[in-house]
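Modelling step: build the complete structure from the supplied sequences, incorporating the hints.
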Amino acid sequence: SAVISQKPSRDICQRGTSLTIQCQVDSQVTMMFWYRQQPGQSLTLIATANQGSEATYESGFVIDKFPISRPNLTFSTLTVSNMSPEDSSIYLCSAQGNSNTGELFFGEGSRLTVL
Amino acid sequence: QKEVEQDPGPLSVPEGAIVSLNCTYSNSAFQYFMWYRQYSRKGPELLMYTYSSGNKEDGRFTAQVDKSSKYISLFIRDSQPSDSATYLCACRNSGYSTLTFGKGTMLLVSP
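One line per chain: the protein sequences are S and G, in this order.
Each residue of the first sequence is one higher than the one before, counting from 8 in our numbering.
Each residue of the second sequence is one higher than the one before, counting from 28 in our numbering.
A couple of the hints might just be wrong.
[Unchecked claim] No more than 27 Å apart at the CA atoms, straight line, and that leaves these computed lysine-lysine pairs for DSSO-like: (1) S:Lys14 - G:Lys69; (2) G:Lys94 - G:Lys29; (3) G:Lys83 - S:Lys72; (4) S:Lys72 - G:Lys29; (5) S:Lys14 - S:Lys72; (6) G:Lys69 - G:Lys94; (7) G:Lys83 - G:Lys69; (8) G:Lys83 - G:Lys94; (9) G:Lys97 - G:Lys29.
[Said to hold, decoys possible] If you want the ones that stay clear, here's a sample from chain G, every Cβ over 12 Å from chain S, calculated: (10) Pro35; (11) Gly43; (12) Arg87; (13) Ser137.
Hints in this document: simulated from the structure, not taken from any laboratory.
Glycine is no exception: its CB is placed at the ideal position from the N, C-alpha and C atoms.
Next up, the structure:
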């Protein structure tokens with residue numbers, strides 16, 4: 008298993024600002040992902056954070072809005088840019104455990120409120 | 028139609044009850060099926076996973092997959108107040124692919 012630490016755990020932000028969420032894994036992992044969890048909705052994959060190269064974004068998510076960095080096999084950041092109230096959500100970092108089953112381990116999430 | 032459908036609940040049961048949580052899915056290529064438990068203000072944690080059809084038991088928890096009807100279930104025996112959480116089902120193809128999650132069912136077990 009992997010232990011994943013995220014910070015900040017929560018924040019209140021002003022419209023138009025940007026916030027960077029950090030994710031640290033206690034062991035080297037190949038695959039890291041960023042998810043969004045909105046109230047009453049399923050976990051939605053934002054992107055796969057690729058080590059040493061640009062992230063792979065899912066449909067509906069773009070790099071300009073959600074730039075992602077992954078400088079090594081244990082760390083990644085997600086920035087939510089030019090925030091609006093619609094970006095209020097929980098953002099979750101995850102890492103893949105067993106590559107055969109695809110099971111994921113999650114951080115505790117970063118709860119963002121945009122005013 | 029969403030790929031993975033799950034009743035959001037809440038499902039309220041008394042302590043000691045048998046709980047049945049269910050999901051349906053539409054993608055016949057799904058091969059791996061997982062259940063995650065998420066406590067309030069925490070990240071999801073993997074509870075059980077099953078490959079293809081069949082049952083898997085772990086203590087009070089039993090995961091069941093019926094691929095013919097595209098139906099997956101999680102049974103909790105002798106439910107406890109500490110089982111109160113949101114349960115998310117997740118499915119995945121074989122090979123490299125990401126998990127597709129249901130919306131989650133909130134379970135409330137009262138003492």
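Against the structure, the hints:
With a CA separation close to 13 Å, the supplied pair Lys14 of chain S and Lys69 of chain G stays within the 27 Å bound. Between Lys94 of chain G and Lys29 of chain G the alpha-carbon distance is near 17 Å, which keeps this suggested pair within the 27 Å criterion. Restraint check for Lys83 of chain G and Lys72 of chain S: not satisfied, since their Cα atoms lie roughly 41 Å apart, outside the 27 Å limit. This hinted pair checks out: Lys72 of chain S and Lys29 of chain G have alpha carbons roughly 25 Å apart, not beyond 27 Å.
Annotation: proposed proximity of Lys14 of chain S to Lys72 of chain S holds, straight-line Cα distance about 19 Å (limit 27 Å). Note on Lys69 of chain G and Lys94 of chain G: the hinted pairing is violated, with a Cα-Cα distance of about 31 Å set against a maximum of 27 Å. At roughly 25 Å between alpha-carbon atoms, Lys83 of chain G and Lys69 of chain G fall within 27 Å of each other, so this suggested pair holds. Among the hinted pairs, Lys83 of chain G with Lys94 of chain G is consistent with the structure: their alpha-carbon atoms are about 14 Å apart, no more than 27 Å.
Of the supplied pair hints, the one linking Lys97 of chain G and Lys29 of chain G holds, its CA atoms being roughly 13 Å apart against a limit of 27 Å. With a least CB separation of 7 Å from chain S, Pro35 of chain G falls inside the 12 Å interface cut-off, contrary to its annotation. The Cβ of Gly43 of chain G sits about 29 Å from the closest Cβ of chain S, beyond the 12 Å cut-off, so the non-interface label holds. Remark: the non-interface label on Arg87 of chain G is consistent with the geometry, its nearest Cβ contact in chain S lying 20 Å away (cut-off 12 Å).
Chain S leaves Ser137 of chain G outside its interface by the beta-carbon criterion, the shortest separation being 23 Å against a cut-off of 12 Å.
Violated hints for the displayed structure, listed by number in ascending order: 3, 6 and 10.
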